[in-house]
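Model the full assembly from the supplied sequences, consistent with the hints where possible.
Protein chains in written order, with the UniProt record's numbering: chain A, 1 to 176; chain B, 1 to 322; chain C, 1 to 499.
Just so you know, the hints here were simulated from the structure itself, not pulled from any lab data.
The C-beta atom is built at its ideal place from N, Cα and C for all residues, glycine as well.
One should not assume that every hint holds.
Unchecked claim - Interface residues of chain B toward chain C, partial, derived using beta-carbon atoms under 8 Å:
| # | residue |
| --- | --- |
| 1 | VAL37 |
| 2 | PRO38 |
| 3 | THR67 |
| 4 | SER153 |
| 5 | ILE159 |
| 6 | THR191 |
| 7 | PRO210 |
| 8 | ALA214 |
| 9 | THR287 |
| 10 | ASP312 |
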Amino acid sequence: MSEVEAESPFDGEKAPASPRADLITAALLFVFGVAIVQQSIAMPRFVEQSGTGLTAPGIVPGFYGVMLALLSVVLGVRAIGRGGWAARGPVAKATGDGRRLGLAALLGVLYAGVLVGRVPFWIASALFVFAFTTAFEWDQGPERRARRMIEAALIGIGTGLGVMLVFEKLFLLRLP
Amino acid sequence: MNRRSLFLAAPAIAIAPRARAQEAWPTRPTTIVVPYVPGGPSDILARTLAQHLQARLGQPFVVENRTGANGAVAAQYVARQAPDGATLFVAASGIMTINPLLLARAGYDPIRDFTPLTVAISAPNLLVVNPGLPVTTLPELIAWMRANPDKASYGSSGIGSSEHLGMELFAQRTDTRPTHIPYPGGGAAATDLVSGTLSLALLNMATVVPQVQAGRLRAIAVGGRTRHPLLPEVPTIMEAGLPDFTSGSWHSIVAPRGMAAPLATRIQSEVTTTLRLPEVGQRLAATGFGVEASSATELTTTIESETTRWRDVVRRAGIAAG
Amino acid sequence: MDALNNLAGGFAHVLGGGAVWHALWATLIGIIIGALPGLTATMGVALLTTLTFGMGPNVAMLVLVCVYVGAIYGGSRSAILLNIPGTPASAASTLDGFPLARQGLAGRAMGISTSGSWLGTLFGTLILALFAPSFGEFALQFGSYEMFWVAMFGIIIAGSLSGGDPLKGYIAGFIGLFVATIGQETNHAYARFAYGNGDLAGGLGLLPVLVGVFGVAEVLSAMRGPAVKAVSSKIDSVIPRLSDVTKYWKTILRSGALGTFIGAMPGLGEDIAAWTSYAAAKRASKEKEKFGKGSIEGLMSAETGESACVPGAIIPVLTLAVPGSAPAAVLMAAMMIHGLNPGPMLAITAPEFIYQIVAMLVIADMVKMFYGLVLVRPLLWILLIPRERLMPIVFVLCTVGAFAITSRLFDIWVMLGAGLVGFILRELRFPMAPLVLGIVLGDLLDKNLLRGLVLSGGDVTPFFTRPISMGLCALTLIAALWSIPSVAGLLRRRKPAEA
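Following this line, the structure appears as structure tokens:
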């Protein structure tokens, strides 16, 4: 089956990130590392309390910042060695992928970032499941779309109520 | 029905409906907010109360664990709720006395933002040392600490815990300079005390009693006003030579501020009656805490006197927290 | 013979009064809690503690032990099927479990998990029964200085867990370490990188980040590509294979010993047990290249390690009243509530209790095996659900899981943020395993380093001169030197012609 070759985060070797992407990542990580170092140096040292200053809160994160900056330099040098300066980055993947991804991310943010906490949890979840399923099944063509939408709505309500029952009644947890 | 109504059967039945109408418990489910994760003493207190009050009052009680910022998250939340009896809060001593002193912005005021109900349970801290230390009494310990300022280190369950501030107060009162080593919990501190990494600590009773009984830690004195039934041979710190020195922690039950007096009285009496049930006392004793079931006034007095005491300790020791 | 009599007595005491029925429902609840992303074994044991208030101490302990054992096992179901670890302990199981499932071997993967986990718990229980006291004493020798080296050692091997690019593995690891420093540090309670925000001062929880980088990011990756048909699993493969066990008996023994030992050390839990067993198996394996791509040995090691950790973590509870892991801490509290005073006095006051716990662990392990066999087929149905319908439900469960522990909306936002950042990093081929391990170890390293420095009055020599410290330090140095060829290899790798 061809799905064996399907994208998975663990077969990174099959499609390494482009040198250009690596170079940009390295630059951002370098800035991130340096920022951590700067913030760590700015932290109070508590020299009087400890006597030595060895327990200053900034030492450990500062070290991580230095390591991140150093490793990002290695990453950047390696990316340049592999041709990261060349402007011919890989052509963006099929736009369908980007659209699907954007849609999933948008729905996720709307649900977890906006709806949850403002709307009763089961309604928010039912809406989310319904919208998600309907949106992604839209492309399957108009025939039986109504039926699919009804199914999606039922799954949504089932999920919302099921989660509420299991978590609030069985596990006695509070839901947002 | 409680014992009084058995004694005065007829009038009680006649009066009961009107009394209920005046001080009616809200019909909505009551939420008991716990500021820490499930499994700890405050959670067990809340769930034990919920179980019994639900049976007594015939209406649902829900326990909600709202953790974060040493309990400030829960305290701020409760402070914003309506004082209609639908929200109760298990407020630990640290939340009501120490936090507001240490946090730049605690976001609540222990006195102003809550209606006090009762000090539910309390436990003393126990002053323990590693058995390798050549001391068995409090004066010996103080002498040893003065002679060995480099070696004297103590553990606590974190900055601003009663175990930390209690030991700071001890150091200030005895003019000693032990090094403070904060741990993520009292258990971890007890472990390092057993292995000899630390020399002493003032830790919650329940954490150290098994180790003391097995001879892996030596109890010097107990921080309560009276000796503890589990270790009757161990003197109190006051008996051992430090007058007016107590150290311990407690958990109180409070409601959002502005609760009508009759409702507050009703809840206070339901809660304290439940706390005094023998099976409730037994269960809570297993967590190392003894039942107090105090009056609301006693709670307010306790908060005020302890806040005054800790404010002084914090200022003199120069303790600050983000 | 005496021990055998005691053990028989333990079983006789535990079995009876509907014990089997209690073990059955409690283990199932444990497996469900474990499999739901965000609900951990700690949470499961804590919630059930309050439900067992009314039960006798015997039944209550059996229920809690079953929940603990079940939850650690259950976490791997979602790790294998969905690439989302149900509990932090199962993060290592995603590395090889999910690739196996992708290859249509989900049934077999769960079989490996079942047999590995079953043997792991059995092994740990055996150690508990035989050596509990001395094991506990040894664990007590690990103080702050030693824990610092344990964390250092973990960090050195973390980069090698990535499977792909070690450089990116190390970068991801350091990002994880950095994340662990956010919030109040241990000595002065100074809130690092919080900028006056109370939520940040509390730190980013491991769990919301874990649910984000695995759960949310996985939902996004799953939805990105065009629709694919679900991978059907071979039906013949659902029964655990004896050959998988006999072939990797060395791995199982090594992981069992490591898992039990790590469990016995206070402060180290199932997650570190699984990672360590996995890393050790990879180092010792003849088929290193298969790790991360569906190695049976890799999955077996992670499963055996995490499951052996459970009895391991109970050892110091019984002998020292010191919990070996977070769920064990709650279990210990429950023991106290039920009047079973665990700790050094137990051997004198109630020596039979140790054997009862052994009996409970064995019963829980057997019930777990039973569910392992029975649940494979129903679980495989999950793979047949179209992702358009499965993924939103997974997302809802992730949200609940992130929220459940602390009831803060902040944790949902952390999950969301970690998910988006994690997804981008994954797209850029940064492995997530070292990042999660970095968060776990970062906390350990930071706290123990700072605490050690205060304990020694600012003197660094105890980190090198205490006997166990010295050994661990040497081990860390060897591991660091060992990894240098790979650093060299990584610089060499820039040469190959790449279009």
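(request) Run the structure past the numbered hints and jot down the numbers of the failing ones, going up. (result) Violated hint (a single one): 10; every other hint is consistent with the structure.
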